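> All chains should be built: construct the whole structure from the sequences, respecting the hints.
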Amino acid sequence: MKEPSSHHDPSGLTAARGSDRVVGRLFSHDHKIIGIEYLALSLIAVAAGMALSLLMRIHIVWPLAKLPILGQTLPEDYLAWVTMHGTIMVFFVLTTAPQSALGNYLLPLQIGAREMAFPWLNLAGFWTTALSFLVMMAAFFVPGGAPISGWSQYTPMSAIPAPGDALGMDLWIVSIGIFCIASVMGSINFIVTPLRSRARGMSLMRMPLTVWSWMVTAVLTALSFSVLFGAAIMLLCDRHFGTNFFVPGGLVLSGKLIDHHGGSPLLWQHLFWFFGHPEVYIAILPGMGTVSTILSTFSRRPVFGYRAMVYATVAIGFLGFLVWGHHMFVSGMNIYAVDAFSAVTLVIAVPSSVKTVNWLGTMWGGRLRLTTPMLFAIGFVSFFISGGVTGPLLAEPELNQYLHGTYFVVSHFHLIMAMASGFGIFAATYYWFPKMFGRMMNETLGRIHFVITFLGAYAIFLPMYVLGLAAHPRRYAQLFGSADYLQPLLPIQKFITIAAFITAAAQLIFLWNFFWSLRHGKTAGENPWQATTLEWSTASPPVPGNFLELPVIYRGAYEFAPANDPDFHPQWLAEEAEK
Amino acid sequence: MPAVKTPFPSRVSAPDSGGRGTDHKIPTGGGGDGDWKPHRGRRGPRERLMRYRMGLGVMMVSSLMLFASVASAFFIRKDSFVFDQLTQGYINDWHPVAIPSLLWWNTLMLVLSSIALEFARRQYFREDVVMDEWLGLARPTIRRALPWEAISLVLASGFVIGQLVAWRELYQQGIFFGSSASSHFYFLLTALHGVHLLGGMVVLLWAILGTLVGRSIESRQITVDVTAWYWHAITLVWFGVFALLKYCQ
Amino acid sequence: MALLLAVLILLIALGTVAMFLLRHWMPAVASGSALAFDHQFHVSLWWMGGAFLLSQLLLALIVWRFRNGKRLRRGAVAIPFLELGAMVAATALYLWMGATGGMFASTSAPAESASALHIEVTGVQFAWYFRYAGADGKFGSIRPELIDASVGNPLGLDRRDPAARDDVVSSQLVIPANRPVELTLHSQDVVHSFYIPQMRTQMNAVPGMTTHLLLNVSRIGTIEVDCTQLCGLGHYRMKAVVRVLSPQDFAAWKNTEFAHAAAKAE
Numbered sequence: 005m006k007e008p009s010s011h012h013d014p015s016g017l018t019a020a021r022g023s024d025r026v027v028g029r030l031f032s033h034d035h036k037i038i039g040i041e042y043l044a045l046s047l048i049a050v051a052a053g054m055a056l057s058l059l060m061r062i063h064i065v066w067p068l069a070k071l072p073i074l075g076q077t078l079p080e081d082y083l084a085w086v087t088m089h090g091t092i093m094v095f096f097v098l099t100t101a102p103q104s105a106l107g108n109y110l111l112p113l114q115i116g117a118r119e120m121a122f123p124w125l126n127l128a129g130f131w132t133t134a135l136s137f138l139v140m141m142a143a144f145f146v147p148g149g150a151p152i153s154g155w156s157q158y159t160p161m162s163a164i165p166a167p168g169d170a171l172g173m174d175l176w177i178v179s180i181g182i183f184c185i186a187s188v189m190g191s192i193n194f195i196v197t198p199l200r201s202r203a204r205g206m207s208l209m210r211m212p213l214t215v216w217s218w219m220v221t222a223v224l225t226a227l228s229f230s231v232l233f234g235a236a237i238m239l240l241c242d243r244h245f246g247t248n249f250f251v252p253g254g255l256v257l258s259g260k261l262i263d264h265h266g267g268s269p270l271l272w273q274h275l276f277w278f279f280g281h282p283e284v285y286i287a288i289l290p291g292m293g294t295v296s297t298i299l300s301t302f303s304r305r306p307v308f309g310y311r312a313m314v315y316a317t318v319a320i321g322f323l324g325f326l327v328w329g330h331h332m333f334v335s336g337m338n339i340y341a342v343d344a345f346s347a348v349t350l351v352i353a354v355p356s357s358v359k360t361v362n363w364l365g366t367m368w369g370g371r372l373r374l375t376t377p378m379l380f381a382i383g384f385v386s387f388f389i390s391g392g393v394t395g396p397l398l399a400e401p402e403l404n405q406y407l408h409g410t411y412f413v414v415s416h417f418h419l420i421m422a423m424a425s426g427f428g429i430f431a432a433t434y435y436w437f438p439k440m441f442g443r444m445m446n447e448t449l450g451r452i453h454f455v456i457t458f459l460g461a462y463a464i465f466l467p468m469y470v471l472g473l474a475a476h477p478r479r480y481a482q483l484f485g486s487a488d489y490l491q492p493l494l495p496i497q498k499f500i501t502i503a504a505f506i507t508a509a510a511q512l513i514f515l516w517n518f519f520w521s522l523r524h525g526k527t528a529g530e531n532p533w534q535a536t537t538l539e540w541s542t543a544s545p546p547v548p549g550n551f552l553e554l555p556v557i558y559r560g561a562y563e564f565a566p567a568n569d570p571d572f573h574p575q576w577l578a579e580e581a582e583k
Numbered sequence: 050m051p052a053v054k055t056p057f058p059s060r061v062s063a064p065d066s067g068g069r070g071t072d073h074k075i076p077t078g079g080g081g082d083g084d085w086k087p088h089r090g091r092r093g094p095r096e097r098l099m100r101y102r103m104g105l106g107v108m109m110v111s112s113l114m115l116f117a118s119v120a121s122a123f124f125i126r127k128d129s130f131v132f133d134q135l136t137q138g139y140i141n142d143w144h145p146v147a148i149p150s151l152l153w154w155n156t157l158m159l160v161l162s163s164i165a166l167e168f169a170r171r172q173y174f175r176e177d178v179v180m181d182e183w184l185g186l187a188r189p190t191i192r193r194a195l196p197w198e199a200i201s202l203v204l205a206s207g208f209v210i211g212q213l214v215a216w217r218e219l220y221q222q223g224i225f226f227g228s229s230a231s232s233h234f235y236f237l238l239t240a241l242h243g244v245h246l247l248g249g250m251v252v253l254l255w256a257i258l259g260t261l262v263g264r265s266i267e268s269r270q271i272t273v274d275v276t277a278w279y280w281h282a283i284t285l286v287w288f289g290v291f292a293l294l295k296y297c298q
Numbered sequence: 471m472a473l474l475l476a477v478l479i480l481l482i483a484l485g486t487v488a489m490f491l492l493r494h495w496m497p498a499v500a501s502g503s504a505l506a507f508d509h510q511f512h513v514s515l516w517w518m519g520g521a522f523l524l525s526q527l528l529l530a531l532i533v534w535r536f537r538n539g540k541r542l543r544r545g546a547v548a549i550p551f552l553e554l555g556a557m558v559a560a561t562a563l564y565l566w567m568g569a570t571g572g573m574f575a576s577t578s579a580p581a582e583s584a585s586a587l588h589i590e591v592t593g594v595q596f597a598w599y600f601r602y603a604g605a606d607g608k609f610g611s612i613r614p615e616l617i618d619a620s621v622g623n624p625l626g627l628d629r630r631d632p633a634a635r636d637d638v639v640s641s642q643l644v645i646p647a648n649r650p651v652e653l654t655l656h657s658q659d660v661v662h663s664f665y666i667p668q669m670r671t672q673m674n675a676v677p678g679m680t681t682h683l684l685l686n687v688s689r690i691g692t693i694e695v696d697c698t699q700l701c702g703l704g705h706y707r708m709k710a711v712v713r714v715l716s717p718q719d720f721a722a723w724k725n726t727e728f729a730h731a732a733a734k735a736e
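Quick mapping for you: the protein sequence lines, in order, are chains D, W and U. 5 is the number of the first residue of the first sequence in our numbering; add one for each residue after it. 50 is the number of the first residue of the second sequence in our numbering; add one for each residue after it. 471 is the number of the first residue of the third sequence in our numbering; add one for each residue after it.
Keep in mind the hints are simulated off the structure, nothing from the lab. All of these numbers come straight from a predicted model, not from anything done at the bench. Among the hints, a few may not be true.
Unchecked claim - Computed beta-carbon distance windows for the label pairs:
| # | chain 1 | residue 1 | chain 2 | residue 2 | range |
| --- | --- | --- | --- | --- | --- |
| 1 | D | 147 | W | 125 | 26 to 36 angstroms |
| 2 | W | 289 | U | 550 | 23 to 33 angstroms |
| 3 | W | 251 | D | 502 | 50 to 60 angstroms |
Said to hold, decoys possible - Computed list of lysine-lysine pairs in BS3-like fashion (alpha-carbon distance at most 25 angstroms, straight line):
| # | chain 1 | residue 1 | chain 2 | residue 2 |
| --- | --- | --- | --- | --- |
| 4 | U | 724 | U | 709 |
| 5 | U | 608 | U | 734 |
| 6 | U | 734 | U | 724 |
| 7 | D | 260 | U | 724 |
| 8 | U | 709 | D | 498 |
| 9 | U | 724 | U | 608 |
Using N, Cα and C, we set each Cβ at its ideal position, and we do this for glycine too.
Listed below in structure tokens is the structure:
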């Protein structure tokens with residue numbers, strides 16, 4: 005409850021000087037350091053998640069291959085990788101990187117605050133997340149290994165201790181419980197800070213769209229993660245304390261009659277997806293905000309329809325809570341509920357379409373500067389379209405009956421949630437790297453990285469659409485031994501595996517570029533991109549306490565005029581804006 | 050400068066309040082910029098307090114969702130018919146737990162505890178109390194607020210013990226956590242609520258210790274204020290839990 | 471770079487369309503409702519494919535046209551008409567898709583009828599079992615504690631129940647063509663999904679409850695069935711075969727199987 009000393013020291017200089025030591029830095033309550041810590045955590049997580057996906061790709065097409073260290077792998081290993089790949093990517097990458105990492109670093113800078121509202125809570129949030137990650141990774145190393153029941157952990161499979169869902173499953177539940185607490189801690193800061201700590205002149209409608217999306221995302225986090233927390237507690241009770249929330253009676257598993265009765269497997273699905281669907285928007289909304297900012301900056305044009313973008317963000321956040329049932333069209337759910345969920349799902353596609361139109365409108369008539377962050381932002385829009393157009397198809401319950409549980413769905417959500425969000429993270433990293441570390445990343449390497457990743461990601465996920473059309477169920481460990489009509493699809497699977505390896509290899513270029521540029525990149529200066537938002541008004545990296553003097557804001561976040569010179573009007577400069 | 054609640058309007062507006070009059074929420078120390086809305090940035094003594102209150106609000110909404118999720122599971126489970134292998138038909142196996150009447154006394158204790166803490170909270174915003182503490186003239190909170198805090202803590206402990214006794218009563222009737230669907234929810238909801246209250250009690254203990262060792266009045270104001278609002282919220286949640294268990298089965 | 475990016479987007483957009491058109495990816499159709507599905511799917515796919523192509527081409531065009539500030543516009547910051555128009559168009563398209571989807575479902579779904587053949591489908595890790603009511607037309611009772619595949623009772627039929635004694639349990643789903651078939655699905659252990667690609671439908675088999683699937687198959691032959699809900703390490707090999715027989719062949723099959731079961735019950 006003690007107030008950080010930076011509050012009494014206007015520039016916060018003394019506060020940061022005291023924490024120069026390594027340990028002091030690790031436990032610093034400075035939002036910039038916490039942001040970078042989150043970024044490092046998600047970088048480790050994404051490496052783990054990608055390694056798992058490559059193992060999966062190998063097992064699908066060469067199930068008999070002997071891998072180094074792992075040796076001969078089995079279908080249950082494949083399922084453990086599927087489960088952990090999904091879990092790690094969703095929780096520790098797509099939730100952590102765009103929101104906790106970038107949001108923590110940039111939100112106070114963009115609203116002209118010296119700190120998050122609750123710096124110590126923020127610090128606690130990071131270490132709780134780190135603990136959760138350690139517990140999750142520990143699941144690989146306990147007897148029985150990591151859980152095999154998929155990241156959605158459908159009961160009763162996940163609710164009954166069994167080979168493959170032994171101690172690892174318990175660790176999964178505990179880790180997710182810890183993660184829920186950490187996320188809610190983080191979300192408190194993301195809601196209170198923009199509402200109460202904005203600099204003078206920063207009205208809500210002058211906030212960058214990134215701040216809006218972090219705030220709406222935090223609302224989703226606060227509301228949905230506690231539901232997952234409740235569900236996780238009930239699941240743990242079902243596994244160990246003899247309750248029957250999710251396990252019905254009369255089950256015979258591996259020849260043994262299970263001593264449970266009366267629970268409902270559908271109840272788990274409802275609770276899980278009530279969290280799970282908002283989670284999709286938690287992953288994509290920050291990317292949408294980032295991309296709006298970057299497209300505007302490098303088109304030298306204001307964001308097209310700023311207000312519409314804000315309203316669309318809020319609408320997506322709200323509607324995101326009403327569509328969870330579209331994951332359950334073939335679950336045996338009530339048929340009227342199916343129709344209602346279908347209708348809301350089709351409606352939620354509308355604000356997403358508006359956003360796409362506005363991104364194109366932002367670029368239209370601009371002076372495009374195709375820097376690396378801009379390339380990735382355009383890539384985001386392209387992926388968002390490619391993944392998004394199949395949403396309304398899947399939202400029709402009748403069509404869903406065929407496509408549910410096939411690679412069509414895999415492709416749909418990877419293109420949006422993984423590729424679009426991932427490109428949002430890449431764009432943000434290239435864009436804000438100079439602000440974070442004071443040096444530019446290498447443009448040539450960045451462009452090579454973009455071209456290979458862009459093509460590679462499409463080469464992986466577009467063929468999955470036709471695999472889905474050809475009725476290829478997902479989460480199949482191998483084609484060998486499955487239905488006959490799937491066998492001709494093996495060449496497509498092989499093609500995808502090769503594309504996955506090439507795309508993964510291209511990420512080494514990014515890593516090299518990242519670490520090389522930390523030391524050898526061109527010095528960036530305060531505002532290398534000639535951008536208008538507030539973080540570019542201060543030094544790169546920002547001084548302790550963010551600003552030497554708290555800025556005053558005179559205009560909206562995206563005042564560009566491509567035909568004029570200078571063609572941009574930063575938020576913090578007082579001169580009259582071109583009308 | 051800590052926040053105070055001035056009990057009567059002072060005649061003169063504060064020197065740097067920009068002449069906005071006496072009703073303004075920042076009686077002293079606010080920014081002098083008349084065209085600028087209050088509560089923005091780090092301005093005014095109540096700013097930190099409002100920030101913490103808002104943070105607590107977000108946390109409580111999140112907690113409420115936790116209880117709501119368990120409550121919705123309660124309703125779904127209560128009304129669900131499961132397929133029975135023996136009779137090859139759908140049956141409902143909900144057998145309500147008889148709620149121990151002790152819970153009424155527990156509820157009373159919790160309400161009194163909440164009221165006591167509210168008295169303590171108000172002491173922290175009296176101008177004379179705050180000024181004495183702030184200027185270091187005296188430590189009136191020890192006399193005026195601490196007893197209320199202690200009473201609240203004792204009553205809350207009474208509630209927790211009462212809840213445990215109620216559990217024991219059920220155990221003696223042979224009703225355990227795993228006994229029936231209804232007992233799952235009884236024990237789960239009371240346990241979740243109890244854990245929330247225990248968390249609040251730890252913070253209240255912290256506030257009491259803070260008063261004894263003489264932490265700054267600003268910090269204690271926030272601790273007690275936030276704890277009190279948390280307490281009221283938890284009491285309301287208890288009403289919900291109790292009503293659910295007592296009347297909705 | 472602008473040229474390269476525009477060409478990349480163009481290639482991907484056209485390549486995607488070509489890939490979808492390259493061949494008919496979906497398995498052959500085996501029922502009338504599957505035909506109706508294909509129609510609705512293709513109409514929806516054309517619309518959304520059109521939206522996909524249009525937006526991607528527009529993206530490529532913008533990248534190319536506005537490179538280096540060629541054709542600078544002062545441009546509007548927001549055009550309410552455009553945004554409202556986009557919103558209305560999108561809403562109309564999506565709701566139209568939803569409405570037609572619902573309509574086709576209500577017209578093409580096989581009607582529940584008294585003459586329907588009732589078959590019980592049970593999902594077990596990692597196989598499907600199909601139970602016919604036998605000569606008496608009644609499904610006998612099941613006791614979970616009797617389940618033991620090694621003694622030939624994978625469903626736990628209670629042999630003391632006369633209704634259960636003549637039940638026929640098969641690992642193949644044998645059905646007559648052109649007759650409504652009502653499947654009642656449930657599961658012995660975890661959630662499975664009964665997926666029949668050639669009929670463009672699936673339904674979860676959930677423990678603790680029953681779900682239903684109505685079929686009316688028009689084509690004689692064999693059809694493959696998969697499991698599409700992750701159910702354990704053998705998920706990928708949990709498959710079954712549906713044999714669709716002509717009514718005469720089905721009657722013959724039924725007579726032998728039922729007689730066989732009756733003989734065993736004696």
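> Each hint should be assessed against the structure and marked as holding or not.
Here is what the structure says about each hint:
1. Range check, residue 147 (chain D) to residue 125 (chain W): about 35 angstroms between beta-carbon atoms, so the 26 to 36 angstroms window is met.
2. Against the hinted window of 23 to 33 angstroms, the Cβ-Cβ separation of residue 289 (chain W) and residue 550 (chain U) comes to about 44 angstroms, which falls outside the hint.
3. Distance hint check for residue 251 (chain W) and residue 502 (chain D): the Cβ-Cβ separation is about 57 angstroms, which falls inside the suggested range of 50 to 60 angstroms.
4. Between residue 724 (chain U) and residue 709 (chain U) the CA atoms are separated by roughly 23 angstroms; this keeps the pair inside 25 angstroms, and the hint holds.
5. For a cut-off of 25 angstroms, the pair hint linking residue 608 (chain U) to residue 734 (chain U) stands: about 17 angstroms separates their Cα positions.
6. The straight-line distance between the Cα atoms of residue 734 (chain U) and residue 724 (chain U) is roughly 15 angstroms, inside the 25 angstroms bound, and the hint therefore holds.
7. Pair hint residue 260 (chain D) plus residue 724 (chain U) does not hold up; C-alpha atoms about 33 angstroms apart against a cutoff of 25 angstroms.
8. Restraint check for residue 709 (chain U) and residue 498 (chain D): the C-alpha separation of about 23 angstroms stays at or below 25 angstroms, so the hint holds.
9. Only pairs whose Cα atoms come within 25 angstroms are accepted, and residue 724 (chain U) paired with residue 608 (chain U) is accepted, the gap being roughly 15 angstroms.
Hints 2, 7, counting from the list given before, are not met by this structure.
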